[in-house]
Amino acid sequence: MPADVDARVVENRRLSSDYNVLVVHAPAIAAAAAPGQFVMIRTAGAGGAPLLRRPFSIFQIVRDAGGTPTGLSIINKKIGTGTSQIYDARVDATLPVLGPLGRPFVPPASGDAWMVAGGVGLGPFVTLAETLQRAAVPSKLFYGARTAADLHCADLFAPLGAELHLATEDGSTGDRGFITGPLERALGQARGDVTIYTCGPTPMMRAVAALAARFNRACVVSLEQVMGCGMGGCYSCVVKVRQPDRPRFVRSCIDGPVFDAASVVWEELAH
Amino acid sequence: MPADVDARVVENRRLSSDYNVLVVHAPAIAAAAAPGQFVMIRTAGAGGAPLLRRPFSIFQIVRDAGGTPTGLSIINKKIGTGTSQIYDARVDATLPVLGPLGRPFVPPASGDAWMVAGGVGLGPFVTLAETLQRAAVPSKLFYGARTAADLHCADLFAPLGAELHLATEDGSTGDRGFITGPLERALGQARGDVTIYTCGPTPMMRAVAALAARFNRACVVSLEQVMGCGMGGCYSCVVKVRQPDRPRFVRSCIDGPVFDAASVVWEELAH
Amino acid sequence: MTPDLTVRIGALTIANPVIAASGCFGYGVEYASAIDLSTLGGVAVKGLFLQERDGHAPPRIVETPAGMLNAIGLQGIGVHRFVGEKLPELRALGATVIVNICGSTLDEYVEVARVLSDAEGVAALELNISCPNIKEGGIQFGCSLGGTHDVVSAVRKATTLPLIPKLTPNVTDPSSFARAAEEAGADAISLVNTFLAMAIDIETRLPKLTNGMGGLSGPAIRPIAVRMVYECRQVVKIPIIGMGGIASAEDAIEFMIAGANAVQVGTANFTDPFIWPRVIDGITSYLQRHNIASAADLVGTVASRKPSVPAKAAATSG
Amino acid sequence: MTPDLTVRIGALTIANPVIAASGCFGYGVEYASAIDLSTLGGVAVKGLFLQERDGHAPPRIVETPAGMLNAIGLQGIGVHRFVGEKLPELRALGATVIVNICGSTLDEYVEVARVLSDAEGVAALELNISCPNIKEGGIQFGCSLGGTHDVVSAVRKATTLPLIPKLTPNVTDPSSFARAAEEAGADAISLVNTFLAMAIDIETRLPKLTNGMGGLSGPAIRPIAVRMVYECRQVVKIPIIGMGGIASAEDAIEFMIAGANAVQVGTANFTDPFIWPRVIDGITSYLQRHNIASAADLVGTVASRKPSVPAKAAATSG
Ligand SMILES: Cc1cc2nc3c(=O)[nH]c(=O)nc-3n(C[C@H](O)[C@H](O)[C@H](O)COP(=O)(O)OP(=O)(O)OC[C@H]3O[C@@H](n4cnc5c(N)ncnc54)[C@H](O)[C@@H]3O)c2cc1C
Ligand SMILES: Cc1cc2nc3c(=O)[nH]c(=O)nc-3n(C[C@H](O)[C@H](O)[C@H](O)COP(=O)(O)OP(=O)(O)OC[C@H]3O[C@@H](n4cnc5c(N)ncnc54)[C@H](O)[C@@H]3O)c2cc1C
Ligand SMILES: Cc1cc2nc3c(=O)[nH]c(=O)nc-3n(C[C@H](O)[C@H](O)[C@H](O)COP(=O)(O)O)c2cc1C
Ligand SMILES: Cc1cc2nc3c(=O)[nH]c(=O)nc-3n(C[C@H](O)[C@H](O)[C@H](O)COP(=O)(O)O)c2cc1C
Ligand code: FES
Ligand code: FES
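Residue numbers (the working numbering), protein chains in the order written: chain F, 25 to 295; chain L, 25 to 295; chain Z, 43 to 360; chain S, 43 to 360.
Don't take every hint at face value.
[What the hints assert, rightly or not] Distance windows between CB atoms, simulated:
1) Z:ALA76 to F:ARG158: 51 to 61 Å
2) L:ASP194 to Z:SER327: 29 to 39 Å
3) F:GLU292 to Z:ALA134: 32 to 42 Å
4) L:ARG87 to F:GLU35: 51 to 61 Å
5) Z:ALA345 to L:HIS295: 17 to 27 Å
6) Z:THR81 to S:THR81: 56 to 66 Å
[Said to hold, decoys possible] Short, incomplete list of chain S residues facing chain Z, as computed with Cβ under 10 Å:
7) LEU111
8) VAL213
9) LEU238
10) VAL277
11) ALA300
12) GLN330
13) HIS332
14) ALA335
Everything labelled a hint here was simulated from the structure, so no lab data went into it.
We put the beta carbon where it would ideally sit given N, CA and C, even for glycine.
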């Protein structure tokens, strides 16, 4: 059951000229959230423009000294109106935050979990890594970006027991090139069961899904489509997925954002 | 020639829970302003809602140490969306300010000048009082409000040589009742030429105009109609005024806001 | 004294005038975890054809100033699966179910209406007469007075359920369509559906929606929709369900004063899925504050200011 | 390379596609202290009848989400005083003067057109065919195809000035009116005028405008206006002057891609009277950036995305 919280902005941590982490006070949402779920935020505050909310992965759950969830953070990348408002949000401002929403990630029944993130696609993975750690699932994070300065918050993962593999297109940190490079090498060497979880730019996710298929590994994607409502009301966010009889458009807000990569008809994705 | 300035908010002085004085940096407008002129402000900042600008009298001209005009202030009363935005405006925010606009007050050719202000109708009178002082015109300010706490900024007028007459409806300062009480008494005693200048709620201005007519004194009103553009473009701000052949709607933004009170057809005012 | 909020639509009485708009509330069940559906005046579910429909390829929505365009393309599970899979749940939740029905042909409308009339738990039918792929040479039923009359009459014969044709605003005179619907036996009318509109990406020069055009909804259209409800109120006696950009109790009240007996909330539910109690309670307190005994007493009570000039002509004249 | 911004409208060539919209720019002279009028593509002055008109009692405007309603009631000084008092000043300022003409009767339109044809310094006539108090039993010329054809033909015979009927959006199919205007001899068409709309004060239950209804303009209407320009572009060959909510170069470019040869800016001038160079220069830099040699090469170049379903039908289908 999602809640709509008039959430106070507790902190706005600028990571770069276009990335920030925004922390809001929202106990009801934080307490209910599962890994990989998202929130819909009215980025202008109540009543402002733009009209529609914007979806963001729940990045971190914030807890008080006693461990009780009090809030959450999102990692935001400025690409347009709403994400600019999130970048510029002032501490103590109030933003309507609706959530938690969507199907969460499910930790693998057996074997290892490998997370593959591109840029702001890191969003859903802190909560997943925490869950994996609690479930004692060995995990790796493959994390790629254009350049070292764009690899934000990677330091959050070592304490969560995830083994880090980095790549930058310019080679400034980790492998030079796409993150699929190190991923492919690792897949070539992997012995046991591996489930891949990926979130990032569509071309990256598609390439990851193709690698997973080639190496015969389960692969779960978290898709980021434009969403009008986030609750199954509008049918705007559809993704074509293969179903037993034929492919169908399904709502990525309630039937996703997490999908079995093999079921997704990639050619028909809007973004 | 009006200028449109992206004016930085220099100070926001709250006077009460609904009044404030907002100071903005706008040298081009400040340098050109004449007493009683107004500015049109995009209260939400560029691009925000509401769409239309809001008119405000130029309250004070701000000057640097050398006396060069650098900005202006407005005295604002919160009554709706735009005036609430002005009340809440943050220092260093940028507001589009267009001006100076409208016909200014003209000091009397001879005799005394009496200003009669109600509430936020004080707006145009600081600049007028300065001009009167420079022109050595003896002046009085009649200033009324509901209660003492609503009589803001009256202290600005003594240094400008204006004799103060106050009234509050609850009698907490000055005369008990409307400001037309002391005005009527003063008119009864006045010997020489007097020109009355008035700005405030329409019922007050109408009563002042009626008193002026009864005592056969010139009376100039500054009317506050809803304005779409402030520049004569839209014909929204019209006021019916008597003209030699017949009464006509004239645009209060360019043919006003200052009118000869005797020419105004009060019954047909929208506000 | 608690004002009477009930609204009568033909034989149906709904608890209050606030209904979820079709296409903006899924099949209703999606919102059951957030909202008690039985507290709404009604739930108009997503438009249904006889068969399943895939809808348009995304992107299906795009934002515009104070509004949004949609071209969903009436994706839906078809009326049979709706009756089998969704209706029982909606009944269990206590929802007053209004089914928005579509057809590519007159026969399909009639058939969809029959299927729903035979099912348990349908409170009313909302006849979506702005659907694609209509027989009649591409002219929509909803854009021709004869077509409107024909489809309403045909469905009227096929069902005793309250019948609510939903009118398009994309016509010169919606009130003539209201009259045609009333004459053909409608129990009420609802309006407005969305305004046909278009947005173009200037960098690619492609329409922003895959479908090319889409329907404009949201606060942007509210003043036009209020006008149309007002016009319809002048010519029909049957209840009017007004909508278009309603996002608060105040907006709902404005439509009721203009002539709407009930209202629907669409786009605002996307922004604010918990809007329902605020709108319903806001109407109650307005009625109390103004000493109005029932919602019905508010309907069409707009006061007149001397309309010296024919309003229609004057308004567009600048 | 500087792109060619000129636009031809009949025998007239204007310097660039950006025109001030009628009723939003007074008689032009009001803005001369702020803007060099000769830098605009044209100045469409406030609608003029033969005689002076008082207009409606205020309040005449009210804001709505991303838009505004107006019911000015065509207050104006009449064509003779315009020719005597305003036109000489406009000529001196180098403005390309487009006069928006109105009539209560067909004869009045013709007479106004004659007076302006005899005057010096009028570049074109924009025929406002959504005016109040029309003969023809209250039906506006602009809402009947026959009426549109008649008034355009009649004025066409009375003037050799470029003639630009201005179309209302309050009809089912504006493109049929575009065709009627073209057939009757129009040199270009302009659209859209405002959308008939209404806003009610819920406390007093009075319409917020004294006139009752008003016309909606501003960004709210932009996507509907773009659609209408697109539809008209499909059926007429004559130039189209598009407008409705344009507030930036990007908006102007969107209209041009949809099919407008030129554009008008109305409401945005209220918010931003110094908008003109920004729109004009923005078009120039867009054309440069995209290597487009002339504004004309942009017109109607919207790319098509497989329109599998008739767009009109589909869009309003949710
Ligand atoms: C489930 C989910 C989780 C998400 N999590 C995060 C997150 O944690 N952090 C984060 O920064 N972003 C996240 N996003 C993406 C984020 O929602 C979009 O970036 C945001 O909605 C864009 O809004 P805007 O107003 O800034 O852009 P707009 O001004 O609306 O659009 C700017 C441009 O970006 C395009 N665009 C808009 N949305 C998307 C999209 N989803 N994918 C590709 N292009 C798009 C538009 O078409 C337009 O061209 C998530 C999206 C989803 C669906
Ligand atoms: C030349 C001129 C000078 C002005 N100077 C000042 C000034 O110095 N300080 C100041 O605080 N205000 C001044 N005003 C009034 C001010 O412009 C309005 O209060 C403001 O536009 C209201 O905007 P809003 O968005 O807050 O109200 P809205 O939300 O637009 O409206 C709220 C309510 O107030 C009503 N309303 C709006 N404008 C007026 C008006 N002008 N008169 C009466 N009722 C109105 C509306 O009809 C509505 O009912 C001046 C007006 C003019 C024309
Ligand atoms: C206050 C106002 C007055 C108008 N007066 C006229 C007019 O006299 N003649 C006319 O043809 N259009 C008139 N219009 C319509 C505009 O010219 C334009 O068609 C419409 O406003 C849409 O453009 P916009 O959204 O850019 O304002 C008026 C519009 C407004 C807002
Ligand atoms: C995404 C979306 C889908 C819609 N689908 C339907 C539909 O299936 N059937 C229908 O009659 N109306 C549909 N509509 C129209 C709405 O029911 C409503 O008439 C319109 O949106 C105006 O109301 P609003 O401004 O409150 O949204 C849809 C609207 C939207 C925004
Ligand atoms: S975002 Fe509305 S259905 Fe998914
Ligand atoms: S405010 Fe537009 S003409 Fe006066």
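Checked hints:
no. : hint                             : in the structure
1   : Z:ALA76 to F:ARG158: 51 to 61 Å  : 28 Å, violated
2   : L:ASP194 to Z:SER327: 29 to 39 Å : 31 Å, holds
3   : F:GLU292 to Z:ALA134: 32 to 42 Å : 35 Å, holds
4   : L:ARG87 to F:GLU35: 51 to 61 Å   : 41 Å, violated
5   : Z:ALA345 to L:HIS295: 17 to 27 Å : 19 Å, holds
6   : Z:THR81 to S:THR81: 56 to 66 Å   : 59 Å, holds
7   : LEU111                           : 6 Å, holds
8   : VAL213                           : 5 Å, holds
9   : LEU238                           : 5 Å, holds
10  : VAL277                           : 15 Å, violated
11  : ALA300                           : 6 Å, holds
12  : GLN330                           : 14 Å, violated
13  : HIS332                           : 9 Å, holds
14  : ALA335                           : 16 Å, violated
Checked against the numbered hints above, the structure violates hints 1, 4, 10, 12, 14; every other hint is satisfied.
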